[in-house]
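**Student:** Here is how the chains run, residue by residue.
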Amino acid sequence: MRLRTAHQLTVENDGILDTIAPDRAVSRATIVREICHHLAPYQVGEKPITGATVIAKDLTIDSLAIMDMVMELEDRFDVSVPMNVVAEIHTVDQLADTIQELRARH
Amino acid sequence: MGLFDRHAGLLEAYRTVRTTGPDPFQIRMERVLSPTEAIINGKKTLLVGTNNYFGLTFDPSCMEAAIEAIRAEGTGTTGSRIANGSYSEHVELEREIAEFYGKKHCMVFTTGYQANLGVIPGLVGQGDFLLIDADSHASIYDACKMTQAEVIRFKHNDPASLDARLRRLGEREGNRLVVLEGIYSMLGDSAPLKEFVEVCKKYDAYVLIDEAHSLGALGEHGRGLCEAAGVLDDCHFIVGTFSKTLGAIGGYCVSDDPDFDILRVTVRSYMFTASSPPAVVASVRQALRVVKERPELRKQLWENVAALYDGLAGQGFKLGPEHGPVVGVHLPDRETAIAFWRAMLDAGIYVNVATPPATPNGVSLLRCSLCAVHTREQLEHMVEVMTGIGRQMGLLPAARARAVGGR
Numbered sequence: 001m002r003l004r005t006a007h008q009l010t011v012e013n014d015g016i017l018d019t020i021a022p023d024r025a026v027s028r029a030t031i032v033r034e035i036c037h038h039l040a041p042y043q044v045g046e047k048p049i050t051g052a053t054v055i056a057k058d059l060t061i062d063s064l065a066i067m068d069m070v071m072e073l074e075d076r077f078d079v080s081v082p083m084n085v086v087a088e089i090h091t092v093d094q095l096a097d098t099i100q101e102l103r104a105r106h
Numbered sequence: 001m002g003l004f005d006r007h008a009g010l011l012e013a014y015r016t017v018r019t020t021g022p023d024p025f026q027i028r029m030e031r032v033l034s035p036t037e038a039i040i041n042g043k044k045t046l047l048v049g050t051n052n053y054f055g056l057t058f059d060p061s062c063m064e065a066a067i068e069a070i071r072a073e074g075t076g077t078t079g080s081r082i083a084n085g086s087y088s089e090h091v092e093l094e095r096e097i098a099e100f101y102g103k104k105h106c107m108v109f110t111t112g113y114q115a116n117l118g119v120i121p122g123l124v125g126q127g128d129f130l131l132i133d134a135d136s137h138a139s140i141y142d143a144c145k146m147t148q149a150e151v152i153r154f155k156h157n158d159p160a161s162l163d164a165r166l167r168r169l170g171e172r173e174g175n176r177l178v179v180l181e182g183i184y185s186m187l188g189d190s191a192p193l194k195e196f197v198e199v200c201k202k203y204d205a206y207v208l209i210d211e212a213h214s215l216g217a218l219g220e221h222g223r224g225l226c227e228a229a230g231v232l233d234d235c236h237f238i239v240g241t242f243s244k245t246l247g248a249i250g251g252y253c254v255s256d257d258p259d260f261d262i263l264r265v266t267v268r269s270y271m272f273t274a275s276s277p278p279a280v281v282a283s284v285r286q287a288l289r290v291v292k293e294r295p296e297l298r299k300q301l302w303e304n305v306a307a308l309y310d311g312l313a314g315q316g317f318k319l320g321p322e323h324g325p326v327v328g329v330h331l332p333d334r335e336t337a338i339a340f341w342r343a344m345l346d347a348g349i350y351v352n353v354a355t356p357p358a359t360p361n362g363v364s365l366l367r368c369s370l371c372a373v374h375t376r377e378q379l380e381h382m383v384e385v386m387t388g389i390g391r392q393m394g395l396l397p398a399a400r401a402r403a404v405g406g407r
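Read top to bottom, the protein sequences are chains A and B.
Residue numbering for the first sequence follows the numbering used here, starting at 1 and increasing by one per position.
Residue numbering for the second sequence follows the numbering used here, starting at 1 and increasing by one per position.
Mixed in with the good hints, there may be bad ones.
[Stated by the list, open to error] Short derived list, chain B residues pointing at chain A, Cβ under 7 Å:
| no. | residue |
| --- | --- |
| 1 | V151 |
| 2 | I152 |
| 3 | D163 |
| 4 | R168 |
| 5 | K292 |
| 6 | R294 |
| 7 | P295 |
Rather than coming from a laboratory, the hints here were simulated on the basis of the structure.
Note that CB positions come from ideal geometry on N, CA and C, so glycine has one too.
Could you build the full structure based on these sequences and the hints that come with them?
**Tutor:** Okay, here's the thing in structure tokens:
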């Protein structure tokens with residue numbers, strides 16, 4: 001999945017970029033854990049939620065709740081994931097990758 | 001694989017709704033008697049779910065204007081304004097709405113849905129940013145699918161959430177358009193518009209506000225939340241509808257932008273649909289006059305809002321966050337909402353059922369909308385009926401039920 005204009009992302013205050021940069025390096029495991037935490041209420045039976053879980057298909061979550069979850073994740077990781085990008089995301093792994101990518105380019 | 005297989009889940013859910021009693025999504029009004037009463041299932045029914053905020057659908061002056069227009073200009077325009085030309089009345093209506101807001105330009109659409117669907121993608125495209133409230137109306141969500149702009153949702157009625165999203169855009173090039181609504185259609189709550197406008201100014205973002213449910217209801221002259229919040233000049237685009245307070249059908253957008261008229265030859269929902277018929281244009285023009293001349297209707301509307309909202313709240317119902325011409329009554333789930341709705345219909349009261357995904361946060365609601373010409377007796381009766389049903393269904397707090405029962 002490609003972000004058309006993500007390369008244009010900049011931090012609003014370049015002067016403090018260096019000081020906040022290490023802070024932005026959140027581990028992928030943390031992102032996945034956070035996503036799984038949000039998805040837990042929608043788990044079907046005992047089937048565990050993994051990176052390969054297809055969010056809209058393997059779980060009981062509807063499209064509106066997915067968008068609401070993304071909004072929570074946006075604030076948790078200080079990124080914005082445009083709706084058209086969300087539409088292209090299917091699995092937990094893809095969502096985690098997108099968030100990590102957006103953070104890195106910030 | 002059949003064409004309708006994709007709807008299997010919906011078909012199943014809908015079958016359950018239809019087989020267990022009257023279908024709330026296909027109600028038939030056998031005869032509409034007035035803004036507040038209709039015959040449904042052979043019975044006179046109180047209407048509290050029609051968005052008819054001023055009750056102007058039966059206003060004699062509006063009806064006469066429509067009848068006269070049909071006699072003078074016929075039943076329809078049979079074409080779009082760019083292909084078949086405008087009637088003088090279309091142009092007059094646009095002039096009057098622009099004047100009502102003190103804005104330079106106005107474009108009228110055949111429906112309110114088409115106004116949002118067309119205007120929003122007409123304003124932002126590739127390389128731009130469209131920021132929408134999470135609880136936006138379907139017409140705004142659908143508009144998002146018609147633009148190449150990046151669409152970002154912010155938390156409902158949360159200026160800080162918008163601020164964070166505009167901040168994250170940083171120095172990226174491209175226009176920012178923020179879309180808000182005066183009154184949200186499901187829970188009747190208003191946007192904290194002044195705060196939103198401040199955030200938009202800080203980031204140089206344009207503001208589009210949809211006053212569909214607030215036209216007439218808010219502001220000293222009924223212009224909507226933009227007037228009530230004192231930020232009319234800071235709202236670059238104001239969208240609204242003729243189908244609620246003005247009692248007909250259609251939509252509009254007003255703006256001071258000198259190039260606004262270019263939208264007439266770019267917005268597809270304006271260009272490729274027939275224009276409003278003469279009767280609609282005439283009744284809307286008259287209804288706008290009534291809004292200006294009879295501010296007491298606004299006062300009556302809010303008195304009725306208070307009567308229903310406070311009445312239901314006093315009985316222990318969980319409602320939307322504030323008084324509004326729409327009163328949303330929270331119920332635990334879809335099945336309960338539909339059962340409650342059916343019990344009300346049996347008792348001769350019509351409201352709307354709203355269930356996910358049409359509602360925010362997965363809530364199930366009975367959506368009531370007030371009318372300036374509802375009588376106090378009608379609303380007291382409604383509170384009584386709903387209280388009875390609520391107790392019967394075990395939904396109201398037991399303590400409250402005991403206290404009332406022991407009266």
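**Student:** Quick check on B/K292 please, does its C-beta sit within 7 Å of some C-beta on chain A?
**Tutor:** For B/K292, the interface hint is violated, since the closest Cβ of chain A sits about 39 Å away, which is over 7 Å.
**Student:** Is the shortest C-beta separation between B/R294 and chain A less than 7 Å?
**Tutor:** 39 Å, violated
**Student:** Is the shortest C-beta separation between B/P295 and chain A less than 7 Å?
**Tutor:** 38 Å, violated
**Student:** Interface hint check: B/V151, Cβ to nearest Cβ on chain A, cutoff 7 Å. Holds or violated?
**Tutor:** 4 Å, holds
**Student:** Please verify that hint: B/I152, Cβ, nearest Cβ of chain A, below 7 Å or not.
**Tutor:** Holds - the Cβ of B/I152 comes within 7 Å of chain A, reaching about 5 Å at its closest.
**Student:** Grab the minimum C-beta distance from B/R168 to chain A and call the hint holds if it beats 7 Å, violated otherwise.
**Tutor:** 5 Å, holds
**Student:** Measuring from the C-beta of B/D163 to each C-beta in chain A, is the shortest one below 7 Å?
**Tutor:** Hint on B/D163: violated, closest Cβ of chain A at ~11 Å, above 7 Å.
The earlier numbered hints that this structure contradicts are 3, 5, 6, 7.
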